[in-house]
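Colleague: The primary structure of each chain is shown beneath.
There are 2 protein chains.
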Amino acid sequence: MKIKVGISVRHVHLTEEDYNLLFDEPIQEKSPLNQPGQFAAEQTVTLEKDGRELKNVRIIGPNRTYTQVEISRTDAYYFKINPPVRDSGDLEGSEEITIKTDKSSITRKAVIIANRHIHITKEDREKYNLLKDEYEIKVPGEKGGVLSHVHIKEAPNSYYELHLDSDDANAFSIKQDDEVEII
Amino acid sequence: MKIKVGISVRHVHLTEEDYNLLFDEPIQEKSPLNQPGQFAAEQTVTLEKDGRELKNVRIIGPNRTYTQVEISRTDAYYFKINPPVRDSGDLEGSEEITIKTDKSSITRKAVIIANRHIHITKEDREKYNLLKDEYEIKVPGEKGGVLSHVHIKEAPNSYYELHLDSDDANAFSIKQDDEVEII
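So the sequences go chain by chain: A and B.
Each residue of the first sequence is one higher than the last, beginning at 24 in the working numbering.
Each residue of the second sequence is one higher than the last, beginning at 24 in the working numbering.
Check the hints yourself; a few may be wrong.
Stated by the list, open to error - Label-pair distances were calculated between CB atoms; the ranges are: (1) E39(A) <-> E48(B): 55 to 63 Å; (2) T121(B) <-> K103(A): 26 to 34 Å; (3) N180(B) <-> K155(A): 42 to 50 Å.
Simulated from the structure, these hints should not be mistaken for lab results.
Glycine included, every Cβ here is placed at the ideal spot set by N, Cα and C.
Using the sequences provided together with the hints, build the complete structure.
Modeller: Next comes the structure, spelled out in structure tokens:
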């Protein structure tokens, strides 16, 4: 079964409350994501830990019921932290970071490395016969191989797509919208 | 068959001639590498392409018969170049970059992404029955999977070790000296 890849670079989800601590203006869409209703916002933040900073980190909207910072292992080494590999929204054991804007800054225990996952509706799951909780993905090419523990994330109105972080994409020489194979 | 991992971060090999263009002092060992005779040098350079720079990039000694810059795909995106995935020393199709020190700068067509490879002697190859040209590596864990096209690099006086770049290591949550499985 083929699937298209969406690459998640580091990004931040905010609660309404945290958003309003960091920004005066309402969240504004810059460009839509493939997942219906989700968008990259005009708003960005700076992430900071012990004096090390990453600037221009995109907010993904709309705001959520939890504040979460999704980074790669490469970013984690830069910050010298060890976030867990987790489902979005599961902040158990997550690392602390400071989120800064011109207006203010907040420190939250909110950093995870997102696990590899497939967005899919219940209907597509049945249609494509993807009824297990996780699958493996085969990638061709000189830097190819197999990505294990790719979690099925079923939700209504999902766009059928494999989400990988930038480390996985770069290690396997995968580009946005490449097609790979579920095995 | 188990094998220990050595992670190669971005580094530079220089010819004697290029070294002498960039430095006045002789190359000096900072710390030995596992491969006999090889060492991380005290000397570092800055890599530059169209105004984008990476500083403190380590020279690996001793100097060689070719000048070569080994970076990750992550670095390649930063520089906006597309180097080929290659054996060390095979500079066919490699990308151009400027190598800078306080003394001077040189521009060379020398950038590759090193392929995944195993250093091994002829004797160990026979002992461990690793007679094919390439193998696959199995990595356990939530970010595990299989790395394909791991090339066997046979040479006398080799230390038996799997070399991966920082993208592969970070994608798979592999650390220096971790043990993985050849399949």
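Colleague: Evaluate each hint against the coordinates.
Modeller: Here is how each hint holds up against the structure:
{"no.": "1", "hint": "E39(A) <-> E48(B): 55 to 63 Å", "verdict": "holds (59 Å)"}
{"no.": "2", "hint": "T121(B) <-> K103(A): 26 to 34 Å", "verdict": "holds (30 Å)"}
{"no.": "3", "hint": "N180(B) <-> K155(A): 42 to 50 Å", "verdict": "holds (48 Å)"}
In summary, this structure violates none of the numbered hints.
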